[in-house]
Amino acid sequence: MMEPRSDLELVQEVRNGRRQAFTELMRRYQQRVYWVARRIVGSHDEADDVVQEAFVKAYLALGDFRGDSSFFTWLYRIAVNLSLNAVRKRQVMNYLHESELLSRILPSSDDPGRDVEQQETESALERAVARLPEKQKAVFVMRYYDEMTYEEIGRVLKTSIGGLKANYFHALRKVQEYMRNENERGEESTHR
Amino acid sequence: MKMKEEKNPLTDEAERELVGELKNLAGEPAGQARRGPQDPYWANLIVRTNDRIDRATSPRALSISWAARVAIPGVVAIVSFLVALHYYVPGDVQTQASVTDVLRTLPVSSVDSLLVDPSRADPSLSVADVAPDVFVFSSDQIADYLSTHGSVRAAIDGLNDREPSDLLTALGSDDN
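Protein chains in written order, with numbering that gives the first Met the number 0: chain P, 0 to 191; chain H, 0 to 175.
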């Protein structure tokens with residue numbers, strides 16, 4: 000049985016003009032890229048767009064990939080940056096199109112762009128994560144869901160480990176507080 | 000010690016504790032969310048991404064990309080430079096005043112004196128320093144001058160009738 004080729008071998012093949020090798024890299028990492036994007040942007044549609052954009056960007060910039068970090072870390076960094084950009088763009092759009100109706104529908108949400116239906120179907124944890132500031136959100140997603148080490152996260156976000164720990168600590172506290180409030184609210188409504 | 004704790008509030012143990020509590024609250028294991036896309040989505044995602052790569056690497060897309068990144072900013076920069084160069088007006092240039100210009104601002108008399116004898120251009124001198132009788136000399140001064148610089152014969156010839164006898168009296172000598 001043939002041994003699977005390493006990421007670097009595949010990257011080299013792509014550089015040599017074998018496009019199929021890039022498809023192999025996509026197959027390998029599309030789900031992880033999708034989930035990190037999904038958890039940062041908070042919606043499937045946007046995550047879908049971010050994943051495609053991340054792979055296109057990676058393909059076009061493959062010549063600049065020096066191999067200082069692993070291919071996945073490099074790709075992950077592209078995806079996280081694109082996701083954060085998508086969140087920022089949405090915030091700008093929301094700010095510009097903020098309507099009275101929308102603010103009445105979502106009075107307590109920090110992110111009024113997310114529709115009501117989505118709010119109903121997603122878990123409380125996802126809602127809590129959606130409320131985090133972007134940096135804390137990115138760190139939380141990488142650490143809590145992907146269980147990455149601080150060193151790996153540091154390579155992706157180019158931030159010191161001390162800073163990442165502080166971000167993660169604040170994120171955990173905020174999410175925990177939100178979850179407690181949600182649970183209490185749920186218990187109250189059950190008793191009624 | 001307290002400072003250090005505040006700077007790094009999350010020890011490994013505290014982190015494990017917080018994450019454990021959170022997992023209990025969330026009631027679900029950390030990992031991928033419950034409602035993920037199904038298998039066909041992933042296969043389709045590869046196809047769509049490949050299409051997007053094709054579009055991004057097509058000659059037309061590359062031309063547009065090149066134009067957007069290089070050509071247009073380059074042309075704008077060159078045009079801006081030329082326009083700026085065309086309308087550039089230098090600020091007030093501080094030129095050094097020439098000696099001639101400075102001299103022209105002085106009174107004619109000062110200029111003359113400077114040109115005749117620059118050593119006399121002492122700023123501490125003033126008109127008050129010049130005595131009104133500066134050109135009035137006593138006879139002794141004239142006699143001294145003539146005895147030093149002129150001939151004795153000329154000095155004696157210049158005496159009037161009475162002055163020779165006065166001179167002799169002063170010298171304690173007789174007429175003969």
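In short, the hints are calculated from the structure, not lab data. For clarity, every value in this text was computed on a predicted model and none was experimentally measured. Glycine included, each C-beta is placed from N, C-alpha and C at the ideal position. Careful, some of the hints might be misleading.
[Unchecked claim] No farther apart than 30 Å at their CA atoms in a straight line, the calculated lysine-lysine pairs in the DSS-like style are these:
#1 173/P to 134/P
#2 173/P to 157/P
#3 22/H to 157/P
#4 134/P to 22/H
#5 22/H to 56/P
#6 134/P to 157/P
#7 173/P to 56/P
#8 88/P to 56/P
[As the list claims (entries may be wrong)] Now the stretches of chain P that chain H is said to cover, found in silico as 3 or more residues with beta-carbon under 8 Å:
#9 7-15
#10 64-78
#11 172-182
field: Verdict on chain H covering the region 172-182 of chain P, where coverage means 3 or more residues with a C-beta closer than 8 Å
entry: The restraint on the region 172-182 of chain P holds, since 6 of its residues have a Cβ under 8 Å from chain H and three suffice.
Restraint check for residue 173/P with residue 157/P, where alpha carbons must lie at most 30 Å apart: Satisfied, since the Cα-Cα distance of roughly 23 Å is no more than 30 Å.
- prompt: Between residue 134/P and residue 157/P, is the straight-line Cα distance small enough, at 30 Å or below?
  reply: holds (12 Å)
task: For the pair supplied as a hint, residue 88/P and residue 56/P, confirm whether the alpha-carbon distance does not exceed 30 Å.
output: Holds - the C-alpha atoms of residue 56/P and residue 88/P are around 18 Å apart, at most 30 Å.
field: Coverage assertion for the region 7-15 of chain P with respect to chain H, Cβ distance below 8 Å, three residues required
entry: That given contact is violated, which follows from only 0 residues of the region 7-15 of chain P lying within Cβ reach (below 8 Å) of chain H.
query: Taking a Cβ-to-Cβ distance below 8 Å as contact, does the region 64-78 of chain P have at least three residues touching chain H?
result: The restraint on the region 64-78 of chain P is violated, since only 0 of its residues have a Cβ under 8 Å from chain H and three are required.
query: If you draw a straight line from the CA of residue 173/P to the CA of residue 56/P, is it 30 Å or shorter?
result: Violated - the C-alpha atoms of residue 56/P and residue 173/P are around 33 Å apart, more than 30 Å.
message: Run the distance test for residue 22/H versus residue 157/P: straight-line Cα separation, threshold 30 Å.
response: Holds, because 28 Å separates the two Cα atoms, which is no more than 30 Å.
message: Next pair to validate is residue 134/P with residue 22/H; report whether the Cα-Cα distance is within 30 Å.
response: Within the cut-off at roughly 21 Å; holds.
message: Please verify whether residue 173/P and residue 134/P have alpha carbons no more than 30 Å apart.
response: holds (13 Å)
message: Hint check: residue 22/H vs residue 56/P, CA-CA at most 30 Å. Holds or violated?
response: violated (35 Å)
Violation of the numbered hints given earlier is confined to hints 5, 7, 9 and 10; the remaining hints are satisfied by the structure.
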